[in-house]
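Visitor: One letter stands for each residue in the lines below.
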Amino acid sequence: MRRTSGVLLSVMVATAAAAAQPPAAIEPLRSAGANDIAAGKRIFESQCAWCHGTNGAGGTGPTLQTVALRHAANDRSLVDIIRTGIPGTDMPGFTTVLTERTAWQTAAYVRSLGRVAARPAPGDAKRGAALYESAGCGACHVIAGRGTTIGPELTSIGALRGASHLRESIVNPAAAHPAGYLVVRATTKAGRQIRGIRINEDVFWIHIRDAGGVVYVLEKSDLSALDRELEGTLMPSYASRFSAAELDDLVAFLATLRGAS
Amino acid sequence: MRAAHHSTACSDTKPGNHETAKAFVQLLAVIALCAAALTPMAAQVSSSRLATQATADGNWLIYSGAYTSQRYSPLDQLSPSNVNRLKPLWVYQPPGAGSLEGTPVVADGVMYVTSAPASVVALDLRSGRPIWEWSRPIAPSVLNLGFPRVNRGVAILDNMVYVGTLDGFLVALDAKSGTERWVVPVGDNPTGHAITAAPLAVDDKVIVGISGGEAGIRGFLDAYDAKTGKQVWRLHTVPSPGEPGSDTWAGDSWVHGAGATWLTGSYDPALKLLYWGTGNPGPDWNGDARKGDNLFTCSLLAIDVETGKMRWHFQFTPHDVHDWDANQIPVLVDTQFGGQPRSLVVMANRNGFFYVLDRKTGEYLLGAPYAKQTWAKGLDEKGRPILVPDMEPSEKGTLVYPSLQGSTNWSSPAYSPLTGLLYVPVREMGSIYYKSSTEYRPGTYFTGGSEKRLDEESWGAVRAIDVKSGKAVWDFTLPTPPWAGVMATAGGLVFGGSNEGNFYAVDAASGKPLWQFQTGGAIRCAPMSFLAEGKQRIVVAGGHAIFVFGLE
Chain Y
1 MRRTSGVLLS VMVATAAAAA QPPAAIEPLR SAGANDIAAG KRIFESQCAW CHGTNGAGGT
61 GPTLQTVALR HAANDRSLVD IIRTGIPGTD MPGFTTVLTE RTAWQTAAYV RSLGRVAARP
121 APGDAKRGAA LYESAGCGAC HVIAGRGTTI GPELTSIGAL RGASHLRESI VNPAAAHPAG
181 YLVVRATTKA GRQIRGIRIN EDVFWIHIRD AGGVVYVLEK SDLSALDREL EGTLMPSYAS
241 RFSAAELDDL VAFLATLRGA S
Chain P
1001 MRAAHHSTAC SDTKPGNHET AKAFVQLLAV IALCAAALTP MAAQVSSSRL ATQATADGNW
1061 LIYSGAYTSQ RYSPLDQLSP SNVNRLKPLW VYQPPGAGSL EGTPVVADGV MYVTSAPASV
1121 VALDLRSGRP IWEWSRPIAP SVLNLGFPRV NRGVAILDNM VYVGTLDGFL VALDAKSGTE
1181 RWVVPVGDNP TGHAITAAPL AVDDKVIVGI SGGEAGIRGF LDAYDAKTGK QVWRLHTVPS
1241 PGEPGSDTWA GDSWVHGAGA TWLTGSYDPA LKLLYWGTGN PGPDWNGDAR KGDNLFTCSL
1301 LAIDVETGKM RWHFQFTPHD VHDWDANQIP VLVDTQFGGQ PRSLVVMANR NGFFYVLDRK
1361 TGEYLLGAPY AKQTWAKGLD EKGRPILVPD MEPSEKGTLV YPSLQGSTNW SSPAYSPLTG
1421 LLYVPVREMG SIYYKSSTEY RPGTYFTGGS EKRLDEESWG AVRAIDVKSG KAVWDFTLPT
1481 PPWAGVMATA GGLVFGGSNE GNFYAVDAAS GKPLWQFQTG GAIRCAPMSF LAEGKQRIVV
1541 AGGHAIFVFG LE
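Top to bottom, those sequences are chains Y and P.
Quick note on the numbering used here: the first sequence kicks off at 1 and runs consecutively.
Quick note on the numbering used here: the second sequence kicks off at 1001 and runs consecutively.
Just so you know, these hints were derived from the structure itself, not from any lab.
Mixed in with the good hints, there may be bad ones.
Unchecked claim - Lysine-lysine pairs mimicking DSSO-like chemistry, simulated, CA-CA at most 30 Å apart: (1) K189/Y x K1272/P; (2) K1291/P x K1087/P; (3) K220/Y x K1291/P; (4) K1272/P x K1309/P; (5) K189/Y x K220/Y; (6) K1382/P x K41/Y; (7) K1176/P x K220/Y; (8) K220/Y x K1087/P; (9) K1471/P x K1377/P; (10) K189/Y x K1087/P; (11) K1309/P x K1382/P; (12) K41/Y x K1452/P; (13) K1396/P x K220/Y; (14) K1471/P x K1535/P; (15) K41/Y x K1396/P; (16) K1230/P x K1291/P; (17) K1227/P x K1176/P.
Stated by the list, open to error - Just a few of them, taken from the derived set where beta-carbon distance is under 10 Å, the chain P residues facing chain Y: (18) S1437; (19) G1448; (20) P1513; (21) Q1518.
As the list claims (entries may be wrong) - Which bits of chain Y does chain P cover? Going by a derived footprint, with three or more residues having C-beta under 8 Å, they are: (22) 121-129; (23) 159-166; (24) 197-207.
Note that beta-carbon positions come from the ideal geometry of N, C-alpha and C, so glycine has one too.
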């Protein structure tokens, strides 16, 4: 019989040993030929463009048309991210679908995107910042500790989302609805209706934050109906409130938001 | 009280000079008596007890309760009228536990529990404290391609406890002490073989399945001599050239044809037949190189326990390209069917259809969809799916219901002979399936694709299905597709869990919720029930802890 504590120790030793090993070297991505990059592009279009946009221009995921990728300082880390994802973010791993070779080809294509000159954002970020204040966006969003938490925090939104997705979120928010902000509608047996973001749900309880920021803790047995609005959003569309130039400005401002540091 | 009395007797025993040897023997006898009184009796679980008494006397001797895998407790102290008074009595937190996905086995006052990645603990039922612990070191380099680093339970027979390990070994432990008696290799882990399922002990054998369907293994089911660990037979689930079924594989695609056997099967002692499900063909989502039905993947196999020979098979999903393993627990039911008493095996399959087969012959008797599915128009008169065109994974993505994880998965169902209902943890979820090229490389994923799950619109339920008609009778709705299994009891209750930590009881006849307890962590195992000092207990793991509930 072995005691558990001994086992834990041996597992920790093994982990330390594994961590001490230098990462395996890979072929430099710049050595990829046209065929490899074309193969990587095909994979990218079926697996990555869903979030990162066609040609990596950005979408619900960040643009990849940049020389310096935040999480991938070198070739090895880029291949590893494609294979295993980035913990704590929406970036999943693709180990089941990609072999080492096809992950390398995909990485080579992503690196080639950094050589594409990114289209400069057309707006003026300074004017966009002023518009953010005057339109009252902070009533529902937080930037660097300022504002109210109803919709997603925007402190790093420029690093997380592409410009096209940011624009879509403003003009057609229902179509650009972020995960984790499901809108639900609860009707109590007394006839009261509460509509808002589902912030927690288990089998017997649901917590809802309404558009005024009020959190309701509801027992489902007290409800006569509970509906999910899969296409719903609390964010109004600003398509008719902003001019095209104002939209450009606001998107340009949001694109500059890349975290506290 | 009894313990105190025997302690006194122990301290009073003093051997004299003239009869030292005799007194010494007496001393040993008294020590043995003391030990018997101070700690619960270690198991003496004969194979005949497993066959006929698996849930008798407040025990739970087999992963799914009994060989029928009905996960039905004959205990009836808890009922719809008193279950609202159920409360936790003790909690055990296995050291370093990851996800707890096992069902404990309870034999004669001792509970045997496994935890991730490869630990077993024997717990005293009254105090909740360990009698012994055993662990096998699992290095970070040990592969688990396609499933979490978990262990789902043990088998018990005579004085031994059997456990499979993530690195592909079968281990026999002394039930009294946790001492390793033997360790045998079952599958080679560097090529993706692993064991997470509880073995099944039958007669003098231990039956154990293998995982690795995403790593291009060639699947098999093994039987080992329970006393020595010597292999008795191996049944490959994918035939080699010339064997029956080999013409359902193009070229040499059978070599990495998968058909894993990664969940515990069932057994009929009268027919001497094992019933064991098989998993997906490899590679999972790209069937181009393996044209044909790909027997005996995604099938239920009836296997002669003595010889390991297949008696019959039923393939649910021929040439599967959605990873719809048929490893779900096959449930053996004896009931009136079509006007006559029949021996049935029923399965709610991952592919969205519920099936009733004759378990002597494998004859298809009934099939019906029990969850949202978009890939088949129905089943033909032999139970073969009638396909909807263009539902295969594609490079651009194909939306299909159910998701890769299926309409149900490894979460145990339960059957109550009182209601005639099969209770199924149902996953209502679709996926966009992608196909990609792949090549076999040992110890890496061999899947040929991926999926994007439609998480936000997904939901779950415990669904009660009338075994005779295949029709759903009631739903108990869950906010997300569950990983928890269910248990039915003679008291008229069904217990289940949720990803959100709720452990609950519903009325077995109506599905009406009667009681719940928030465990504070996802429930990813199936409940069981036993007696401690004559009182009914219910067990489930939530998060990293095992909870034992009772009325007092």
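Visitor: All the hints need checking, so say for each whether the structure fits it.
Guide: Consistency of the hints with the structure:
At roughly 56 Å between alpha-carbon atoms, K189/Y and K1272/P are farther apart than 30 Å, so this suggested pair is violated. In summary, the hint linking K1291/P to K1087/P is not supported, as the alpha carbons are separated by about 55 Å, beyond the 30 Å threshold. Only pairs whose Cα atoms come within 30 Å are accepted, and K220/Y paired with K1291/P is rejected, the gap being roughly 50 Å. This hinted pair checks out: K1272/P and K1309/P have alpha carbons roughly 11 Å apart, not beyond 30 Å.
Proposed proximity of K189/Y and K220/Y is supported: the alpha carbons are some 10 Å apart, at most 30 Å. As the CA atoms of K1382/P and K41/Y are separated by approximately 45 Å, the hinted pair breaks the 30 Å bound. With a C-alpha separation of about 47 Å, the suggested pairing of K1176/P with K220/Y is violated against the 30 Å cut-off. Distance hint between K220/Y and K1087/P is fulfilled; the C-alpha atoms sit about 21 Å from each other, no more than 30 Å.
Our distance criterion of 30 Å between C-alpha atoms is met by K1471/P and K1377/P, whose separation comes to about 17 Å. Taking the CA atoms of K189/Y and K1087/P, the gap is near 29 Å; set against the 30 Å cutoff, the hint holds. Between K1309/P and K1382/P, the direct Cα distance comes to roughly 23 Å. Compliance with the 30 Å bound is thereby established for this hinted pair. Restraint check for K41/Y and K1452/P: the C-alpha separation of about 19 Å stays at or below 30 Å, so the hint holds.
A hinted pair counts as satisfied when its Cα atoms are at most 30 Å apart, and K1396/P with K220/Y does not qualify at roughly 40 Å. Proposed proximity of K1471/P and K1535/P is contradicted: the alpha carbons are some 36 Å apart, above 30 Å. Restraint check for K41/Y and K1396/P: satisfied, since their Cα atoms lie roughly 13 Å apart, inside the 30 Å limit. For the hint pairing K1230/P with K1291/P, the CA-to-CA distance comes to about 37 Å; that exceeds 30 Å, so the pair is violated.
Between the alpha carbons of K1227/P and K1176/P the distance comes to roughly 16 Å, so the proposed pair stays at or under 30 Å and holds. Given hint, S1437/P at the interface with chain Y, holds; its Cβ is 8 Å from that chain's nearest Cβ, closer than 10 Å. Restraint check, G1448/P versus chain Y: the minimum CB separation of about 8 Å is within 10 Å; hint holds. Among the interface hints, the one on P1513/P holds; its C-beta lies about 8 Å from the nearest C-beta in chain Y, closer than the 10 Å criterion.
Look at Q1518/P: its Cβ gets to within about 7 Å of chain Y, closer than 10 Å, so that hint holds up. Given as covered by chain P, the segment 121-129 of chain Y fails the check, having 0 residues with a CB less than 8 Å from a CB of that chain where 3 are the minimum. Under the rule that three or more residues need a Cβ within less than 8 Å of chain P, the assignment of the segment 159-166 of chain Y is violated, with 0 such residues. Check result for the segment 197-207 of chain Y against chain P: holds, 4 residues qualifying (beta carbon to beta carbon below 8 Å, three or more required).
Violation of the numbered hints given earlier is confined to hints 1, 2, 3, 6, 7, 13, 14, 16, 22 and 23; the remaining hints are satisfied by the structure.
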